[in-house]
Amino acid sequence: MSPPPHAPARRLTTPLVLLALVCSFSFGAIVRIAFADSYHTACVGHGFVHGNYLDDSSFYGRVEPGCGSTLRTCDLYTWGSWDGGQTVTGTTATCTAWSIDFGSSYTECASTTHVESSGVFSDHVHKASNWCG
Amino acid sequence: MRLTRPVKLTAAALASGALGVSAASALVGGSAAPAPQDPTPVAGSERLGPIVPDPVGGLQWALRAYTSTSGGDCVELGRMSGERFGQIDADGTFRALGLDAGGTCGDLSSEPAIVVLNTYPARAGLAARTVLFGLASPAVGGVVVQRRDGSSGTRPPIGATGGFLLPLAGTIAASELPVTVTLADGRRVVHDWR
Numbered sequence: 012m013s014p015p016p017h018a019p020a021r022r023l024t025t026p027l028v029l030l031a032l033v034c035s036f037s038f039g040a041i042v043r044i045a046f047a048d049s050y051h052t053a054c055v056g057h058g059f060v061h062g063n064y065l066d067d068s069s070f071y072g073r074v075e076p077g078c079g080s081t082l083r084t085c086d087l088y089t090w091g092s093w094d095g096g097q098t099v100t101g102t103t104a105t106c107t108a109w110s111i112d113f114g115s116s117y118t119e120c121a122s123t124t125h126v127e128s129s130g131v132f133s134d135h136v137h138k139a140s141n142w143c144g
Numbered sequence: 499m500r501l502t503r504p505v506k507l508t509a510a511a512l513a514s515g516a517l518g519v520s521a522a523s524a525l526v527g528g529s530a531a532p533a534p535q536d537p538t539p540v541a542g543s544e545r546l547g548p549i550v551p552d553p554v555g556g557l558q559w560a561l562r563a564y565t566s567t568s569g570g571d572c573v574e575l576g577r578m579s580g581e582r583f584g585q586i587d588a589d590g591t592f593r594a595l596g597l598d599a600g601g602t603c604g605d606l607s608s609e610p611a612i613v614v615l616n617t618y619p620a621r622a623g624l625a626a627r628t629v630l631f632g633l634a635s636p637a638v639g640g641v642v643v644q645r646r647d648g649s650s651g652t653r654p655p656i657g658a659t660g661g662f663l664l665p666l667a668g669t670i671a672a673s674e675l676p677v678t679v680t681l682a683d684g685r686r687v688v689h690d691w692r
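Protein chains in written order, with the working numbering: chain A, 12 to 144; chain B, 499 to 692.
Any given hint could be a false lead.
[To be verified] List time: in silico SDA-like cross-link candidates among lysine to any residue, alpha-carbon distance up to 25 Å: (1) A:Lys138 - B:Thr538; (2) A:Lys138 - A:Ala121; (3) A:Lys138 - A:Trp93; (4) A:Lys138 - A:Gly91; (5) A:Lys138 - B:Asp587; (6) A:Lys138 - B:Ala599; (7) A:Lys138 - B:Pro619; (8) A:Lys138 - A:Ser49; (9) A:Lys138 - A:Cys54; (10) A:Lys138 - A:Ser92; (11) A:Lys138 - A:Gly77; (12) A:Lys138 - A:His61; (13) A:Lys138 - A:Asp48; (14) A:Lys138 - B:Asp536; (15) A:Lys138 - A:Asp67; (16) A:Lys138 - B:Arg621; (17) A:Lys138 - A:Tyr50; (18) A:Lys138 - A:His125; (19) A:Lys138 - B:Ala620; (20) A:Lys138 - A:Thr52; (21) A:Lys138 - A:Tyr88; (22) A:Lys138 - A:Asp66; (23) A:Lys138 - A:Gly56; (24) A:Lys138 - A:Thr118; (25) A:Lys138 - B:Asp598; (26) A:Lys138 - A:Glu127; (27) A:Lys138 - B:Ala588.
It is worth saying that the hints were derived from the structure and are not from the lab.
Okay, chain A solo, but in the shape it has when bound (with noise of 0.2 Å):
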C-alpha cells in the first residue's frame, strides 16, 4: 500500500513544532530572567530595591530569611566599586544595605547589589532596574 500524499509534510510539521517548543521555552526563560534582573524570589525574595524614586541615590540591596538560611549578605557596587556591605545571622533578619548607610551621592543606575544566602543561593549580582553602568 503507497503512503498518503501528504505523509513527508505530516512528518516534517511534528519536529518543526517540537523545535519551535524549544526555542520559545528558551527565549522565554532568558526574557523571564533579564526582566529579574532587579529584585526577584529564588525561595526568598532578594536583589535591587530602588528608594523612592529611581535616581535619588537612596537603594538598598536586600535579601529576605527564610528557605533555612542563617547567613545572608548584601553589597553595593558603585561604577563597579565597593560602597560597603551588611552581613546577617540567625533566621529572622532581613539583609538590608541601604545606600545612604553608606554615603551618598551614588549613581544609582550604574549601582549593583552582589547578594548571597547560605544554603539557598550563592553570591550573584542585581542591577539597578535602569541600568546604566
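Add chain B to chain A, keeping to what the hints say.
Frame of chain A, contents of chain B only:
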C-alpha cells in the same frame, strides 16, 4: 476558506511558541516577587542607644531601634554629631537622618537576638570600619564577641533599647567575629556566621 500548508505551519509554530514562552515564564523565576518584609517605622517607636566611641577617634557610633509597621524589630546604625543621628557622606560630611525605612528588621519573638555586621571601605579621609551590632530580646543576659585571632572576647553592653554595638577599625570578615548570645537561663546561642 482553505488554508495553505505554509500558513498552517506558521500558525502551529506561533501557537507552540506562545505556549513555550508561557511555560518558561511559569517555570523560570517562579511567581512574581512578594513584597519584602516592610521596614517602614511606626512613628514615635524609635529609641536611641547605645552610643559608643569610634575606635580611631571619629564621630561616635549609635543605634536607632524602632518597630516597623509589620511588627518587625528594627535597628539602624549611624553616627552622632551632637544630639543628631545621621551618617557620614563619602566626602566626610555629616548628614542628619530622620526616621526612615533604612533599618535591618527581624523578629525577636522568634529568636533571642538579631546580629548584624556592617563593613565600610576606606574612603577619602575616612578609614575602613567594621561594626558589629544588633538587638537583643529581654531574654538575653549577655553578648560576647570573640576574635579568631586569639585575642580575648569583647562584651558589648546591651543598652536600654536592647541594642548592642561594637565598632572596629579596618575591614574584618564576619567569620572572624563569632558571637555568643547567652540567655538569662544560661543557654547559649552561637552565631558563627556559617
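Do the hints match the structure? See the list:
1. Using a Cα cut-off of 25 Å, the hinted pair Lys138 (chain A) and Thr538 (chain B) holds, with the two alpha carbons roughly 23 Å apart.
2. Between Lys138 (chain A) and Ala121 (chain A), the direct Cα distance comes to roughly 8 Å. Compliance with the 25 Å bound is thereby established for this hinted pair.
3. A threshold of 25 Å between alpha carbons decides the hint, and for Lys138 (chain A) with Trp93 (chain A) the separation of about 14 Å falls inside it, so the pair holds.
4. Between Lys138 (chain A) and Gly91 (chain A), the direct Cα distance comes to roughly 11 Å. Compliance with the 25 Å bound is thereby established for this hinted pair.
5. Pair hint Lys138 (chain A) plus Asp587 (chain B) holds up; C-alpha atoms about 22 Å apart against a cutoff of 25 Å.
6. Taking the CA atoms of Lys138 (chain A) and Ala599 (chain B), the gap is about 21 Å. The hint holds against a cut of 25 Å.
7. At most 25 Å may separate the alpha-carbon atoms for a hinted pair to count; Lys138 (chain A) and Pro619 (chain B) meet this at roughly 20 Å.
8. Distance restraint check for Lys138 (chain A) and Ser49 (chain A): the Cα-Cα separation of roughly 5 Å lies within the 25 Å cut-off, and the hinted pair is therefore satisfied.
9. With a C-alpha separation of about 19 Å, the suggested pair Lys138 (chain A) and Cys54 (chain A) falls inside the 25 Å cut-off, and the hint holds.
10. Of the pairs offered as hints, the one joining Lys138 (chain A) and Ser92 (chain A) holds, with about 14 Å between alpha carbons and a cut-off of 25 Å not exceeded.
11. As the CA atoms of Lys138 (chain A) and Gly77 (chain A) are separated by approximately 23 Å, the hinted pair is consistent with the 25 Å bound.
12. Distance check on the hinted pair: Lys138 (chain A) and His61 (chain A) sit about 10 Å apart at the alpha-carbon level, within 25 Å; holds.
13. At roughly 6 Å between alpha-carbon atoms, Lys138 (chain A) and Asp48 (chain A) fall within 25 Å of each other, so this suggested pair holds.
14. Between Lys138 (chain A) and Asp536 (chain B), the direct Cα distance comes to roughly 21 Å. Compliance with the 25 Å bound is thereby established for this hinted pair.
15. Of the pairs offered as hints, the one joining Lys138 (chain A) and Asp67 (chain A) holds, with about 16 Å between alpha carbons and a cut-off of 25 Å not exceeded.
16. Restraint check for Lys138 (chain A) and Arg621 (chain B): satisfied, since their Cα atoms lie roughly 23 Å apart, inside the 25 Å limit.
17. Between Lys138 (chain A) and Tyr50 (chain A) the CA atoms are separated by roughly 9 Å; this keeps the pair inside 25 Å, and the hint holds.
18. For the given pair, Lys138 (chain A) sits about 9 Å from His125 (chain A) by alpha-carbon distance, which is consistent with the 25 Å threshold.
19. The hinted pair formed by Lys138 (chain A) and Ala620 (chain B) meets the criterion: a straight-line CA distance of about 23 Å does not exceed 25 Å.
20. Distance hint between Lys138 (chain A) and Thr52 (chain A) is fulfilled; the C-alpha atoms sit about 15 Å from each other, no more than 25 Å.
21. At roughly 10 Å between alpha-carbon atoms, Lys138 (chain A) and Tyr88 (chain A) fall within 25 Å of each other, so this suggested pair holds.
22. Proximity of Lys138 (chain A) to Asp66 (chain A) is assessed by CA-CA distance (about 14 Å); at most 25 Å being required, the pair is judged to hold.
23. Between Lys138 (chain A) and Gly56 (chain A) the alpha-carbon distance is near 15 Å, which keeps this suggested pair within the 25 Å criterion.
24. For the suggested pair Lys138 (chain A) and Thr118 (chain A), the alpha carbons sit about 12 Å apart, so the restraint of at most 25 Å is met.
25. Among the hinted pairs, Lys138 (chain A) with Asp598 (chain B) is consistent with the structure: their alpha-carbon atoms are about 23 Å apart, no more than 25 Å.
26. Taken as a hint, the Lys138 (chain A) and Glu127 (chain A) pair is honoured in the structure, with Cα atoms around 14 Å apart against an allowance of 25 Å.
27. Annotation: proposed proximity of Lys138 (chain A) to Ala588 (chain B) holds, straight-line Cα distance about 21 Å (limit 25 Å).
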